[in-house]
Structure formats: C-alpha cells, structure tokens
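Student: If you read the sequences in order, they're chains A and B. Numbering-wise (the numbering used here), the first sequence opens with residue 9 and increments by one. Numbering-wise (the numbering used here), the second sequence opens with residue 23 and increments by one.
Hints in this document: simulated from the structure, not taken from any laboratory. Note that the coordinates shown come from a computational prediction; the quantities given were computed from them, not determined experimentally. From the three backbone atoms N, C-alpha and C, an ideal C-beta is built for every residue, glycine too. Fair warning: there could be bad hints in the mix.
[As the list claims (entries may be wrong)] Here are the simulated lysine-lysine pairs, DSSO-like style, with alpha carbons at most 30 Å apart:
{"no.": "1", "chain 1": "B", "residue 1": "K271", "chain 2": "A", "residue 2": "K136"}
{"no.": "2", "chain 1": "B", "residue 1": "K112", "chain 2": "B", "residue 2": "K32"}
{"no.": "3", "chain 1": "A", "residue 1": "K126", "chain 2": "B", "residue 2": "K271"}
{"no.": "4", "chain 1": "A", "residue 1": "K295", "chain 2": "A", "residue 2": "K228"}
{"no.": "5", "chain 1": "A", "residue 1": "K29", "chain 2": "B", "residue 2": "K112"}
{"no.": "6", "chain 1": "A", "residue 1": "K149", "chain 2": "B", "residue 2": "K32"}
{"no.": "7", "chain 1": "B", "residue 1": "K112", "chain 2": "B", "residue 2": "K271"}
{"no.": "8", "chain 1": "A", "residue 1": "K136", "chain 2": "B", "residue 2": "K32"}
{"no.": "9", "chain 1": "A", "residue 1": "K136", "chain 2": "A", "residue 2": "K149"}
{"no.": "10", "chain 1": "B", "residue 1": "K32", "chain 2": "A", "residue 2": "K228"}
{"no.": "11", "chain 1": "B", "residue 1": "K109", "chain 2": "A", "residue 2": "K228"}
{"no.": "12", "chain 1": "B", "residue 1": "K32", "chain 2": "A", "residue 2": "K29"}
{"no.": "13", "chain 1": "A", "residue 1": "K149", "chain 2": "B", "residue 2": "K112"}
{"no.": "14", "chain 1": "A", "residue 1": "K228", "chain 2": "A", "residue 2": "K271"}
{"no.": "15", "chain 1": "A", "residue 1": "K271", "chain 2": "B", "residue 2": "K271"}
{"no.": "16", "chain 1": "A", "residue 1": "K126", "chain 2": "A", "residue 2": "K149"}
{"no.": "17", "chain 1": "A", "residue 1": "K295", "chain 2": "A", "residue 2": "K68"}
{"no.": "18", "chain 1": "A", "residue 1": "K126", "chain 2": "A", "residue 2": "K136"}
{"no.": "19", "chain 1": "B", "residue 1": "K271", "chain 2": "B", "residue 2": "K109"}
[To be verified] Incomplete in silico selection of chain B near chain A, CB under 7 Å:
{"no.": "20", "residue": "L118"}
{"no.": "21", "residue": "P121"}
{"no.": "22", "residue": "V254"}
{"no.": "23", "residue": "T258"}
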Amino acid sequence: MSALQLRALHKTYANGVNALKGIDLDVAEGDFFALLGPNGAGKSTTIGIISSLVLASGGKVKVFGHDLARDPEAAKLEVGLVPQEFNFSMFETVIQIVVNQAGYYGVPRPLALARAEKYLSQLGLWDKRDARARTLSGGMKRRLMIARALMHEPRLLILDEPTAGVDIELRRSMWQFLRQINEEGRTIILTTHYLEEAEMLCRNIAIIDQGRIIENTSVKSLLATLHVETFILDLAPGASELTIDGFVSRRLDDHTLEVDVAKDQGINAVFSQLTAQGVQVLSLRNKANRLEELFVTLVENGKQEVGA
Amino acid sequence: MNQRQWIALKTIWGKEASRFLRIWVQTLVPPVITMALYFVIFGNLIGRQIGDMGGFPYITYIVPGLIMMSVITNSYANVSSSFFSAKFQKSIEEMLVAPVPDWVLVAGFVGGGVARGLLVGIIVTGIALFFTALPIHHLGVLVLTVLLTATLFSLGGLINAIFARTFDDISIVPTFVLTPLTYLGGVFYSISLLPPLWQGVSQLNPILYMVNAFRYGFLGVSDIGIGTAMAVLVGTNLVLLGWLLRLLKSGRGLRS
Chain A
9 MSALQLRALH KTYANGVNAL KGIDLDVAEG DFFALLGPNG AGKSTTIGII
59 SSLVLASGGK VKVFGHDLAR DPEAAKLEVG LVPQEFNFSM FETVIQIVVN
109 QAGYYGVPRP LALARAEKYL SQLGLWDKRD ARARTLSGGM KRRLMIARAL
159 MHEPRLLILD EPTAGVDIEL RRSMWQFLRQ INEEGRTIIL TTHYLEEAEM
209 LCRNIAIIDQ GRIIENTSVK SLLATLHVET FILDLAPGAS ELTIDGFVSR
259 RLDDHTLEVD VAKDQGINAV FSQLTAQGVQ VLSLRNKANR LEELFVTLVE
309 NGKQEVGA
Chain B
23 MNQRQWIALK TIWGKEASRF LRIWVQTLVP PVITMALYFV IFGNLIGRQI
73 GDMGGFPYIT YIVPGLIMMS VITNSYANVS SSFFSAKFQK SIEEMLVAPV
123 PDWVLVAGFV GGGVARGLLV GIIVTGIALF FTALPIHHLG VLVLTVLLTA
173 TLFSLGGLIN AIFARTFDDI SIVPTFVLTP LTYLGGVFYS ISLLPPLWQG
223 VSQLNPILYM VNAFRYGFLG VSDIGIGTAM AVLVGTNLVL LGWLLRLLKS
273 GRGLRS
C-alpha cells in the first residue's frame, strides 16, 4: 500500500501565484523519501496540503488509502508533521506541548505521559520537560517538534527541513534517530537543503521545481546517471609538474590537484600515473556532494526547458 | 461525540483554563479592581444622591449590569487574545493538523471564554456582596442569561481573532463597539428614563436584552420582556455560531 499518493495536485494562492501545477507522487510504505527542490519550488506547499495547513486548488491526497478530502480525520491520524518554523507556544513547558498534542489526537492522558517520557528521553529532552519552550536552544526546539509529531505514533512522518540551523553533531544524532524510527517501520518524507543528508538517509527521491516534479527515482539510480565526478587530491610536498594522460586535471596549488574522472574511467589510472611520476597522494575527497551536482544540473535543465 | 473528540475537547479546555489561571494577575485581578471602583463611586458615593431606581437602591439596581459587563468583556477578551496569540505564534497549527473537527475547536475555545467569564462574574458578585444585599428572583433566568451571554461574546471574540491580523485588531472591537454598547445597554439606568425615540434606538442594542434579563434574574425588574430577551440571546448565538463554522470551513485567516 502507498503511504502517500498525490494525484494532479494543484495550488494557486489568492495572490495568483501558481505554486503547484499538477503533482503526481507515490511514496511506498516504509520508505525514507526525499523531496528536494530550490526555494519556492513548491515543497512546503505540497507538505502544507498533505498536513491540512494549505487548501489544495485541485487534485487528490491519499494517506494510507484515506482520502484527505473525504475522510480528513482518518487521514490526519496517519500523519505527523515537523514543520520548518517553530510553531508551538513559547510560554508552555516541553511536557505540556507534547501531552497536549497527544490530546488533540485523542490519546488518553496516562498513555500520553508514557509516550512523552519515551520520545523526550530518546531525543535528549526529558531533563528539560518542565522548561518553558522559549528557554530552549534552537536544536532543542527542533527535537521538541520531532517528539511532538510522534506523540500519536503516526505511520507517516513528514519533516520539513528538520536540521536547518542545527550543528553537525546534533544533526548526526538526529539522522541516527530518524534511521532508527524508519527501520521500525515508519515511513518518512524529508525535505532538506543538505543534499548530503538526502543521499545518506533516503532510498527514493523526488525533485520538484516551479511546481512540477522533474525527477522521481531511487537515490541509487539518480547517482548512477552522474557521468563525471571531480576529486581533489592532496599531494605530498615536492610534487613538480604533472601530466595525467586521458584526464582533465587542474593544479590548484603546490599541494592540491583537481581531477575529473568519467564514470567509465575509474580512478586507478590516475594513481598509476601519479605513482609512475613519483608523486605521493596524502588524501582524496569529492569536490562536491554528488547529489548536489545532479540537483543543480536537473534544476538548470528544467529552467532551460521552461525558458525554451 | 466519540472518545477521541472528547479527549481533544478536554485538552483544549484544560489548555485554555491553565492559560488564564497562569496569568491571573492580567485576567482575574483587573476586573475585580475596576468593578470595586464602580461599586464605590457609582454605587455608594453618587448612588446615595440618586436614590431608588426600579424600586431598589441605586447600587443594587446597577450591580447585575456591572456583573454582566465583566462577564462580557472577559469572555470576549479571553477567546480573542488566546486564539489570536495561537495564530500569531502559529501554535494553532497544532490543532489544525490534528483530527480536531471545527465544532470541537469552537467548543474548546468558547468553553475557555465562558469559564473565565463565569469565574470573573462569580468573583465580582462576591465583591458586590460587600456593598449590597442581592436577592435572587429567578435562578433559572439568571443562569441561562449568564451562560448564553458568555457564550455569545466568546463566539464574537473567536470571530474577531479569525479576522485579526495584528494585536491592534483584537482591541478595536472591545474599545469602540463593546464598551459603548455596554454603557448604553442599561447598566446604569432604566431606559424608561429616556425619551421615546432613544428608548427605540436602545432596543437595537443587544446588550440591553442581556443586562435586563440578568437584572430580572436577581431583582425581578426588567425594561424588556424575558421571552424577547431570551429569543434575542439564542438567535444571536445561533447566527454567530453559523458564521463561525462557515469561516472555519473556508479556512479564512487560518489556512492559505
């Protein structure tokens, strides 16, 4: 069964902005799915419609088979939302926020208190349960929104830029937590600007631009379409003039070499030639995130098509 | 109502009650001080010079209207400020994403407004008893009138908050509409003292019906027939409720 099914989803705002121009999308149950796109592409509008905060102008939304228009209560019970902006009362305590949220979903208070302890502990917020929300750090507020979204134990969790403004260490602990709840069977849809995050976490991906889905495939298939990768090699001191036949390379400074490697070439030939010239490579890294390169290419192509 | 909706309703009630009790210095104390000043100045000091009205000492005559005034302003202010704050902080989205039907949302916020209105009304009544004895002529009319009035102004406060875009927008109606209508709604005088033209104009003011029905409940005197007053109260409540449910269904001010 599809966790989420969107058909011909349209949205035109009152000011005339045509944010969605017919989105079709299927997310399978248990998937970890990335919805990517540049600013203003329509990601937040799509998520807003799925979570009932934005009214669709046309089209259908089904969550685990429940039609959002015909049976909104059943559909809403399946969805947990972690929005981009903080949207809780800053004057309430952490425990009040999560327990009240459970109450809106009809979770009895004793069960809500037990779940609050479970999720706040897992997200490292149990010690802060009596603190007012306004006193929390940005990272804590983000984790509070994740705990709040899980209080009714939805089968579909939607996270809109959950790690925006979060430091690396915390981001990694959030990734670990999200992986864990996905492995437990929860379907997750993620929007993010950190493409490394999508590449590391997600199995499938859709790229949305100017209100249309321009790519919808698995992360693996998408990465397989990448023809050239650029590597940066840190060289040991003493490397003189270098030539690497068959590769496009650039010497950035005495210690750094940039090499473009086509998919069918392999990087071994680069090392063989460098070794033959007596050059020692100290380390190697990708110039840019692979998904980032594809994303930029796809969005640029999309713009050219629209422009044409 | 199913169990899930009942839990959601209790949650909103609890949240609303804890909000106005947490900030009791802003919500419960000011009406008590204001009304105590009214009782001292208009009741005791000026009232002694006025003598009887409607067959009762002036302070006894104005007490029901003053209690009603505090119920009106507090019911309205509770819902308008609480709902608008939730909109402003976006915490209203917590309820909008959840399976909370519109009528449960309305019942939750209106219940909070009625609770604060009644609590303030009871406190003000207690203060009034230091200044005058208050007979109870008809308990049923008294209770029904105060409940319908608190509900009506809670509904009004919610409509105001839905339309409001700034905090100024939720103070305009109380300042420029509710306060003048309350003062001209027979709190301090019987409309029988007015020339016939102004008696007619006064009857266009819905607050006149509430104040008089409430006064009837305490003292048994009223410028308006109780049946008419109840019909106006019930009718106005139904009109506001219908309007509110339509606004929520359309997503006005809440869903883009």
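Student: For each hint, tell me whether it holds in the structure or not.
Tutor: To see whether the hints hold, each was checked on the structure:
1. B/K271 with A/K136: The given pair, whose Cα atoms are some 37 Å apart, is violated under the 30 Å limit.
2. B/K112 with B/K32: Since the Cα atoms of B/K112 and B/K32 sit roughly 21 Å apart, the hinted pair holds (cutoff 30 Å).
3. A/K126 with B/K271: 36 Å, violated
4. A/K295 with A/K228: 19 Å, holds
5. A/K29 with B/K112: Distance of about 27 Å is within 30 Å: holds.
6. A/K149 with B/K32: The hint holds at about 26 Å.
7. B/K112 with B/K271: 18 Å, holds
8. A/K136 with B/K32: 25 Å, holds
9. A/K136 with A/K149: 11 Å, holds
10. B/K32 with A/K228: Answer violated: B/K32 to A/K228 is near 48 Å, above 30 Å.
11. B/K109 with A/K228: Violated. B/K109 to A/K228 sits at ~42 Å, over the 30 Å cutoff.
12. B/K32 with A/K29: 41 Å, violated
13. A/K149 with B/K112: 14 Å, holds
14. A/K228 with A/K271: Satisfied, since the Cα-Cα distance of roughly 14 Å is no more than 30 Å.
15. A/K271 with B/K271: Violated: A/K271 and B/K271 sit about 55 Å apart, past 30 Å.
16. A/K126 with A/K149: Holds. A/K126 to A/K149 sits at ~17 Å (cutoff 30 Å).
17. A/K295 with A/K68: 41 Å, violated
18. A/K126 with A/K136: The hint holds at about 13 Å.
19. B/K271 with B/K109: Status holds; Cα separation ~16 Å.
20. L118: At about 6 Å, which falls below the 7 Å cut-off, the nearest Cβ of chain A leaves the hint on B/L118 intact, so it holds.
21. P121: Check passed: Cβ of B/P121 comes within 4 Å of chain A, closer than 7 Å.
22. V254: B/V254 check fails; min Cβ-Cβ to chain A is 35 Å, beyond 7 Å.
23. T258: Hint violated; B/T258 Cβ to chain A Cβ min 30 Å, cut 7 Å.
Violation of the numbered hints given earlier is confined to hints 1, 3, 10, 11, 12, 15, 17, 22, 23; the remaining hints are satisfied by the structure.
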